[in-house]
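> First to last, the sequence lines map onto chains A and B. Just so we're aligned: the first sequence equals residues 1 to 533 in my numbering. Just so we're aligned: the second sequence equals residues 534 to 699 in my numbering.
Keep in mind that the hints were calculated from the coordinates and are not lab data. Cβ atoms here follow ideal geometry from the backbone N, Cα and C, with glycine treated the same way. Don't take each hint at face value.
[What the hints assert, rightly or not] Heads up, incomplete: computed chain B residues facing chain A, CB under 10 angstroms, no partners named:
{"no.": "1", "residue": "Glu585"}
{"no.": "2", "residue": "Ser587"}
{"no.": "3", "residue": "Val635"}
{"no.": "4", "residue": "Gln642"}
{"no.": "5", "residue": "Gly649"}
{"no.": "6", "residue": "Leu672"}
[Unchecked claim] Here are some chain A residues pointing at chain B (derived, C-beta under 7 angstroms):
{"no.": "7", "residue": "Leu82"}
{"no.": "8", "residue": "Gly328"}
{"no.": "9", "residue": "Ala471"}
{"no.": "10", "residue": "His472"}
{"no.": "11", "residue": "Ala492"}
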Amino acid sequence: MPSDAVPSETPAETPREKRLHPLTLVFSTGAVARQMVFPAIVGGLSAGQGDVGRIVSVGVAVLALPALLAAVAKFWFFRYRLAGADLVLRSGLLSRKHRVIPLARVQNVEVRQGALQRLFRVAELRVETAGGSGQAEAVLSVLAAAEARGLRAEVAARRRAALPAAPSSETAPGAPEDGAAPSEIPTRSYAPPLVKLRTTDVLLAGATANEGGVIAAALAGGLQLADDLRLPWLERLGEPFGWLERAVGPGSAPLLALAVALGVVFLFVGWLFSIAGAVVRYHGYTLAREGGELRKRYGLLSVREGSVPLERVQALRVEESLLRRAVGLVTVKIETAGGAPGEGGGRGGAEAFVPIAHRGDLPRLVRGIFDDLDFDRISLRPVDPRSRRRAVRRYAVLVGTPALVFAAMALRAGEPGWLLALLPVLPLPWLLARWEYAHRGYALERGYVVARAGVLNRVTWIIPDVRLQTAHVTETPFQRRHGLASLVVDTAAGGKQAVVIDLGTARARALLEEVVARLHAARRARAPRRGVA
Amino acid sequence: MTTPAGAPPPPPDGELAPSRLDPRVVRVWRLGSAISTAAVTLAAALACALAEASLLWALLVLALGVAEGVLHPRAAYRAWSYTVGEEEVRLRRGVWWRRESVVPLSRIQHVDTQQGPVERALGLATLVLFTAGSVGARLAIPGLAAARAEALRDRLAALGGREDAV
Numbered sequence: 001m002p003s004d005a006v007p008s009e010t011p012a013e014t015p016r017e018k019r020l021h022p023l024t025l026v027f028s029t030g031a032v033a034r035q036m037v038f039p040a041i042v043g044g045l046s047a048g049q050g051d052v053g054r055i056v057s058v059g060v061a062v063l064a065l066p067a068l069l070a071a072v073a074k075f076w077f078f079r080y081r082l083a084g085a086d087l088v089l090r091s092g093l094l095s096r097k098h099r100v101i102p103l104a105r106v107q108n109v110e111v112r113q114g115a116l117q118r119l120f121r122v123a124e125l126r127v128e129t130a131g132g133s134g135q136a137e138a139v140l141s142v143l144a145a146a147e148a149r150g151l152r153a154e155v156a157a158r159r160r161a162a163l164p165a166a167p168s169s170e171t172a173p174g175a176p177e178d179g180a181a182p183s184e185i186p187t188r189s190y191a192p193p194l195v196k197l198r199t200t201d202v203l204l205a206g207a208t209a210n211e212g213g214v215i216a217a218a219l220a221g222g223l224q225l226a227d228d229l230r231l232p233w234l235e236r237l238g239e240p241f242g243w244l245e246r247a248v249g250p251g252s253a254p255l256l257a258l259a260v261a262l263g264v265v266f267l268f269v270g271w272l273f274s275i276a277g278a279v280v281r282y283h284g285y286t287l288a289r290e291g292g293e294l295r296k297r298y299g300l301l302s303v304r305e306g307s308v309p310l311e312r313v314q315a316l317r318v319e320e321s322l323l324r325r326a327v328g329l330v331t332v333k334i335e336t337a338g339g340a341p342g343e344g345g346g347r348g349g350a351e352a353f354v355p356i357a358h359r360g361d362l363p364r365l366v367r368g369i370f371d372d373l374d375f376d377r378i379s380l381r382p383v384d385p386r387s388r389r390r391a392v393r394r395y396a397v398l399v400g401t402p403a404l405v406f407a408a409m410a411l412r413a414g415e416p417g418w419l420l421a422l423l424p425v426l427p428l429p430w431l432l433a434r435w436e437y438a439h440r441g442y443a444l445e446r447g448y449v450v451a452r453a454g455v456l457n458r459v460t461w462i463i464p465d466v467r468l469q470t471a472h473v474t475e476t477p478f479q480r481r482h483g484l485a486s487l488v489v490d491t492a493a494g495g496k497q498a499v500v501i502d503l504g505t506a507r508a509r510a511l512l513e514e515v516v517a518r519l520h521a522a523r524r525a526r527a528p529r530r531g532v533a
Numbered sequence: 534m535t536t537p538a539g540a541p542p543p544p545p546d547g548e549l550a551p552s553r554l555d556p557r558v559v560r561v562w563r564l565g566s567a568i569s570t571a572a573v574t575l576a577a578a579l580a581c582a583l584a585e586a587s588l589l590w591a592l593l594v595l596a597l598g599v600a601e602g603v604l605h606p607r608a609a610y611r612a613w614s615y616t617v618g619e620e621e622v623r624l625r626r627g628v629w630w631r632r633e634s635v636v637p638l639s640r641i642q643h644v645d646t647q648q649g650p651v652e653r654a655l656g657l658a659t660l661v662l663f664t665a666g667s668v669g670a671r672l673a674i675p676g677l678a679a680a681r682a683e684a685l686r687d688r689l690a691a692l693g694g695r696e697d698a699v
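Construct the complete structure from the given sequences, taking the supplied hints into account.
Put into structure tokens, the structure is as follows:
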């Protein structure tokens, strides 16, 4: 197996480098001009007003000139060529860039033509790989239209040649296993849908979504009740806070009260909106597994239907907020490549988001997506106990700072008695640290990596071995002091990634090797089945 | 067997020694630090003048910038190492915030080499690996000799562009 297989080309065979079409200059200066229109208008309007007008006009010119020069430079120094099985781009004057895109990696080739471009018979060619940076990896703007189309055909042809075993995987971004033959896609179907939400479920989803709103609702209700009952002791309760008024400044109490009240009102209204929004959006939510796909259907006013091929699922994220944990509910995000789930768009970021599900239904849902994973059998291992020490310090600062401020205010107002109110707060850092530690864990199941963390919002990641993209061990200076490190398991899913926080350094490094080894093993296990059309 | 000039020799069975960056990269970093220190000091001096505070604050900023420029590039150079193995590329870097990253060759989508004007003057380049990951979408190895960077770029692009050789 050649490890230094650099494609060699004799000088006579080296494909000629090409440049962009000269009309690029027109289009890019047009783009600059469009950006400058608004400031230019402002400049023009205020031109008659002496100094200000002059400054704005000069400002526009100053900004426009480098942009124009950059556009010219970009055209002048941009070169591209198809060399063997790669697309090679060179660009830049001051900062030179040389990019090699293996055609086997290309997911999508597109020719775009705006109306004006059509008039001048030029077009833009965009080449996308599964690269995580979100933009097309090669943008050739603009080429002669015929050249663009010819190039697209050529890229597609060479790509097919480079991947003999790949059946139409041009529309599967982020499926690193391009070439998965249809025979290996699991074809099981689950008769009753994996998830079917009733209206009460959807209402609960909306009600528990915004925790601030729930607290506010509770507070608002409580305050109203107190007001109705006019309990005398409640009023006496407010009296001691007169010192607060003395400490902060006279007349501030009504302002503070108003601020708090307004905050409560906003949160409450937000909560109501969240419930209504959930109903409109997720009414009748159904998620079913059919063959190799997950089909979902939801919505009240506008019904959405979509499907996610199982091959594109990068990971599962189970989220349990504190509130939802208390009532036995979870949220499941089915992470696909590109944008984060729940957002439209992104390259392949389909909306794959189960807004609410009962904890008891979770194992079945997980098995519906990952055939061989038994969610209930997963036993998580704890992270390093030294992380508790680190957490205590962190929470001590977090809790201690407002406590100190409070104490300072009390002392300044001459009410040392209030310091006693801080007593129950003292054990808090230790309790919070224990709590946080108890909620952290990880597991290396057969074929999957599981990571869990978070207290207020507990997140459990389930990542198939084969979906690992890159892996990292990171150490902050604080972690280093305690001999700890974090393991980051990177996938093609957008947004935050799975992190196992606060492992012992040696353990973190060992796990790093292990997840990478599992990736290699998983890919090798798949390979024999590949290529069977 | 000919290997392209500047390319790392194929690793012997098992043992893979990490490589260091080209020592000249320290100069690039020092220059960058000098420029940003100058800019920040200027801004601080302006702020001091406007706020009518003592210029000693700006001097403090200058001192800190100089200290960073003297100490940090060398430390960063010592912390940096990379290994191009049979199946993956490893990077180790960071003085305060340390990171070790593993990029399986099969995950590399495409490869760039980049040269700023200073790098070009010194004959250095930065190799950038792109993957489909998010955290690891873009991983850069700075301060490589230009020829070595190019050879690595072409080799990794060739290896990444194939299916897994099994």
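> Now tell me if each hint is right for this structure.
Quick rundown of the hints versus the structure:
1. The beta carbon of glutamate 585 of chain B comes no nearer than 25 angstroms to any beta carbon in chain A, farther than 10 angstroms, and the hint placing it at the interface is violated.
2. The criterion of a C-beta within 10 angstroms of any C-beta in chain A is not met by serine 587 of chain B, whose closest approach is roughly 29 angstroms, and the hint is violated.
3. Here the hint on valine 635 of chain B is kept, as its CB sits about 5 angstroms from the closest CB of chain A, short of 10 angstroms.
4. With a least beta-carbon distance of about 4 angstroms to chain A, the hint placing glutamine 642 of chain B at the interface is held under the 10 angstroms criterion.
5. Look at glycine 649 of chain B: its Cβ gets to within about 5 angstroms of chain A, closer than 10 angstroms, so that hint holds up.
6. Evaluation of the leucine 672 of chain B hint against chain A yields a held restraint, the C-beta minimum of about 7 angstroms falling below 10 angstroms.
7. For the restraint placing leucine 82 of chain A at the interface with chain B, the shortest Cβ-Cβ distance is roughly 13 angstroms, beyond the 7 angstroms limit, so the hint is violated.
8. Interface restraint check for glycine 328 of chain A: the shortest CB-CB distance to chain B comes to about 31 angstroms, outside 7 angstroms, so the restraint is violated.
9. Residue-level restraint check for alanine 471 of chain A holds (minimum Cβ-Cβ distance to chain B is 5 angstroms; threshold 7 angstroms).
10. The beta carbon of histidine 472 of chain A comes within 5 angstroms of a beta carbon in chain B, closer than 7 angstroms, and the hint placing it at the interface holds.
11. The closest approach between the C-beta of alanine 492 of chain A and any C-beta of chain B is roughly 4 angstroms, which is under the 7 angstroms cut-off, so the hint is satisfied.
When held up to the earlier numbered hints, the structure conflicts with 1, 2, 7, 8 and fits the remainder.
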